[in-house]
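Protein chains in written order, with this note's numbering: chain A, 160 to 405; chain B, 693 to 1007.
Please keep in mind that the hints were generated in silico from the structure rather than gathered at the bench.
Bear in mind the structure is a predicted one, so any value in this text is a computation, not a measurement.
Be aware that one or more of the hints could be misleading.
Some chain B residues near chain A, calculated using beta-carbon distances under 7 Å [claimed, not checked]:
| no. | residue |
| --- | --- |
| 1 | Ala795 |
| 2 | Ala804 |
| 3 | Asn807 |
| 4 | Val809 |
| 5 | Tyr831 |
| 6 | Gly853 |
| 7 | Val856 |
| 8 | Val858 |
| 9 | Thr860 |
| 10 | Asn862 |
| 11 | Val863 |
| 12 | Val865 |
| 13 | Pro883 |
| 14 | Phe980 |
| 15 | Arg997 |
| 16 | Lys1003 |
Yeah, the Cβ is synthetic: ideal placement off N, Cα and C, and Gly gets one too.
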Amino acid sequence: MKILVCVSKTPETTSKISFTDGGSEFDTNGVNFIMNPYDEWYALVRALELKEKAGGSVTILNVGPAANDAVIRKGLAIGADNAVRINAEPQSALFTAKEIANYAKSEGFDLVMFGKETIDYNGSEVGAMVAELLDMPYISFANHLEIDGNKATISRDIEGGTEVAEVETPFALSASKGLAEQRIPNMRGIMMAKRKPLTVVEPSGAEDLAVTVHFELPEEKSGVTLIEPENMEELVRLLHEEAKVI
Amino acid sequence: MVLVFAENTKGNFKKVALETVTYGKKTAEVLGTDCAVLTIGTVNNAGDLGKYGASKVYNVAYDGDFDSQVYTGIIAAAADSLGADTVIVSHTSTGKSVLGRLAARMNAGSVAGVNAVPTNDGTFKVTKSVFSGKAIAAYEVKSEKRVLSVMGNSLPPEETGSAVEVETLNVDVPQGRVTVKETKREEGIVPLPEAELVVSAGRGLKGPENWGIVEDLATALGATTACSRPVADSGWRPHHEHVGQTGVAIRPNLYIAAGISGAIQHLAGVNNSKVIVVINKDPEAPFFKAADYGVVGDAFEVLPRLTEAVKKMKA
């Protein structure tokens, strides 16, 4: 089976978020970047497990500048066979999706995988867009995936429960927690990653139709009001009269 | 024209659908146009969506399985035949599965998870929460066609009008390729992403046998229960109750957390809550920094007391 895993580069969860130029640009100064956890822990690792079981190949793809190569090499160190980087600084989900689809359309992938969302823009858009552009079925928020021949059985998160669906390859999916367990690259993987092919592809030049123009930090909390543990009537009164939430 | 896709659960419209219709109506006002609403499949009282701002409600007959390609085909065809340039869905598991497809199909600028009504002073701008709640971003949509998904609990449903007629819309329904074998949903509770009140607990509760005091408080408040990651990972509580970075992101009016220290990954899933109450016996727990109200005390004593106080207030 030929699998494509699309990966994003995101700031680490614990990063301090700030902006420059009066709130127009994200301040990357001092920010540590990682592979988006949903892409790495769940989508990539499940792809590798499927390959280990049934053979085939796992390609990882990133749309980004040369600075992203470190993140891509980590994916190769974890076990992907080869990598593709589309050489562009993405500004919108549709741009990213069109570039991915433009590359993938002639490659004959059986399965195209994404994380359920990135932890920076939290959009959950690119997977569905690529599926549409490649005319593939799309299963979002997959927490379990088994493939037998060309038949896949997938369990996915829905509000307050799960749904089990069947679909045939080729298809696209987005991965949520439960699909696989995080793998830490070992020294051999890291050494091998240096020799694995990383192909750089120039973008086709898709248009950006929706872009960020301004960022703001949320209002700071004014500080915690402490209530004595013996006096829960007071907490209820505050929630009812002051906060007006109950 | 604005077209809102109002999703139903077993034929009924939940609060999240009413919020999205209200959002659609307010967006239509900003754009100086009408808000039509599309429903798919057999639904009850669809005309009542007029009360929340639908100028007209359309229905497409399709009672087959949920398949993002089929829904996208129906919604895009409806937008096309009605001449809608702005399509709005809810930011739910269904909405998120079709939003990207619609944007690609319509070649429309898209913003996922918007949290406020757009502005339009020549340029169409709308905001959403980014960096897992650590910032708010304003987007400009440059294209003539736009698709948006509305984050739950961003604005309350508003009854401003009256019921309208429901018209059957005949569009080509594409052949689906996804078969749904089973849907498991806990009945009788408000799912976490839609919940206004949430009571959550962590490792401080020591074991699944102690969850009675959490459930008692949730019942007294009419709240949904949630838990931290270690609790779900240990199998004390079901996976779908896990709130945080890798679990469900929520934005209730009130989030009560007992015995949860407040790791940054947990905060990423709950920091859009309007009011946070933290109960922890460790005064140094980092969660207190993100809390509005704090109780330094033992959850085993505080939770039952809080439950009694809530019952007394409601009596």
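field: Indices of hints not satisfied (ascending)
entry: 3, 4, 6, 7, 8, 9, 10, 11, 12, 16
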